[in-house]
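Assemble chain P onto chain U, guided by the hints.
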Amino acid sequence: MTRLNLLLMGILVVCALGVITSQHHARKLYAELQNAQEFAKQMQTEYGQLQLEQSTWAMHARIEKIAIEHLHMRVPEPGKIQMAPIPPVAKVVGEKS
Amino acid sequence: MMADAAISRKGQLTVRLPVWRTRMILIVLLIGFLALIGRAVYLQGVNKNFLRMKGEARYSRVINLNSSRGKITDRNHEPLAISSPVESVAVNPREADISPQQMQQLAKLLGVKSDELKKKFGEERDFVYLKRQLSPETAEKILRLDISGVFLQREYRRYYPYGEETAQVLGITDLDDKGQEGIELAFNQRLAGVDGSRRVLKDRRGNIIEGVESIRTPQEGQDIVLALDRNIQYLAYRELSEAMHENRAKAGAVVVLDAKTGEVLALVNQPSYNPNNRNKNMQSGLTRNRAVTDIFEPGSTMKPFTAALAIESGRFQPDTLINTEGGKMSIGVATIHDAHASGTLTVSQVIQKSSNVGAAKMALAMSPEYMYGNLAKLGFGKVPQSGFPGEVSGRLRPYQTWQPIEQATMAYGHGISVSLLQLARAYTVFTSDGELQKVSMLKLDQPAEGVRVFSPATAQALRAMLETVVLPGGTAPRAQVQGYRVAGKTGTAHKLEAHGGYAPDRYVASFVGFAPASDPRLIIAVMLDEPSAGQYYGGTVAAPVFSRVMAGALRMLGISPDMPTQNMLLPATDAPEVREET
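Chains as they are written, first to last, in my numbering: chain U, 1 to 97; chain P, 1 to 582.
It is possible that part of the hints are untrue.
Here are the simulated DMTMM-like cross-link-like pairs (lysine to aspartate or glutamate), alpha carbons at most 20 Å apart as the crow flies [stated by the list, open to error]:
hint	chain 1	residue 1	chain 2	residue 2
1	P	Lys-108	P	Glu-137
2	U	Lys-65	P	Glu-242
3	U	Lys-41	P	Asp-223
4	P	Lys-202	U	Glu-32
5	U	Lys-28	P	Glu-213
6	P	Lys-71	U	Glu-46
7	P	Lys-443	P	Glu-391
8	U	Lys-41	P	Asp-177
9	U	Lys-41	P	Asp-195
10	U	Lys-41	P	Glu-155
11	P	Lys-202	U	Glu-38
12	U	Lys-65	P	Glu-164
13	U	Lys-28	P	Asp-203
14	U	Lys-41	P	Glu-220
15	P	Lys-131	P	Asp-176
16	U	Lys-28	P	Glu-210
17	P	Lys-71	P	Asp-195
18	P	Lys-71	U	Glu-53
Note that these hints are calculated values from the structure, not bench results.
Chain U on its own, in the form it takes in the complex (with noise of 0.2 Å):
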């Protein structure tokens, strides 16, 4: 009796500590997710600070300025454009989905 007593005893002591540990565990998880949606929150808001920063270089404003001024483009004339029409295929692919 004394011995199963024991055993059990042994038994219960070896889950209460497995119930901390894993305790432990989540919650150094659950910090580690917690930091992660932080870290994901700041990309987010720095993907947009990006996106503002390249729509803010990308201004046709700005390209325009460039490509006349320095790089001494200039828009071909209507005469020498020479439209390529978009294949129909692309079309009944696009009707099919």
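For chain P alone, kept in the frame of chain U given last:
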């Protein structure tokens, strides 16, 4: 009691302790237990909530979950408005402790006078903003001063990369990132996120170790995809600005619509402002989206509708002859004039030469009821429901009150008021074979269904007529675009005086047209308010803007030319200008 028994068994101690002593101890112990039980009941039962709260306060925290406002993008998902986090500096004056030296440094960083700052630190409140919306760099410097009681608060600020080009369309938000005008206001519900909060457990180091419950789930603001094309928007803005400057106009607007779907590809206004630094030089009226919220008498740009109604009624054909009586016609006491006298014109020529008398005669051949019914069907006098705030319905008076002279003047766009958007939208009946399209500020996945107003034959006849307007002999040869067939109509209307009646020397010049005429893809409407550099005709002031925007937009969209490129048939420089009034 065990002791009692042991003693008596051994019989060594015969003297019994007095009974009252054991009783006494028993009672004292019992009282002690009762006191403990009472205390336990008090703590566990009566005072439970308070204690639990205090306990939780040691480890559980409610954290706010910020959500940011959605982006506004153009049809190609290029951002037009983005919220970016900024820091605001605030102080709790009750806890603040600042040295004079720190005060000076802080004032310098914030760019305010230290007297003002002192006043804020002296306020009897828990929370005072020192300055809102600082750049992250400045905010960090302030944090490094390490003044107790001074802290940062994260806020969002709206940035508009295209500045004044899109100012009136997008509108603005206030300091708290709520929509105030334009699209920002119209779609505020969808753009605005909902802040949430959550209860969590925190450890000693401040890490969140467990989420207990979510009090309110945060909702990120949704993104809005507009129908606008930022390249066409830029082009329209640039050309409008130039024309404004050249003609010294008071204001102007350009609307570009997709001729098939009614989507608004560009919507620009002048004068404009930069929404990114709004507090400076903000005059009232600058934020107004004139193309949508202001009405004007359209003048001759109405004539195509009169002609279409006349043809649809069956009484006229494009080649039916109308005697314009030398450009003068009297109705009652009033006389209608043409800018240039002519004799007999066909319906087509009435449009080409923009004859008021011809248009009036067509109108008078129709019943007021028929004319009113169809004008209403074209969206005149009704809010266009583009979803833009502050849209106006324009003015179309009920036909029961029409006098013959009013019916006649309405034929050439007087006595009726429209917004530029309404006018541009009405032209979709010509470009989509007689069906009126809905205007949409948002990008459409599938084109909405139009409402049939005219038969396809009528619409085609009108397209052919409107093409003659830009040919030599018409009122707007300057609207031509190299390589494309274009069609359109000019308008030059006297402005209404504040007290009624028409101003003799103040005009609204307009042009509405579409291209390529063989298969219309774009409708562009241009309006210039009070051009005052000498020229004021729609054909000379507004048509060139149309031509340049159209040429650029067609090229950007990769629309194939439907004409050889040598199609420009400008009249000889010494040829007399075909003018039109109204």
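*Would you list, in rising numerical order, the hints stated earlier that this structure does not obey?*
none
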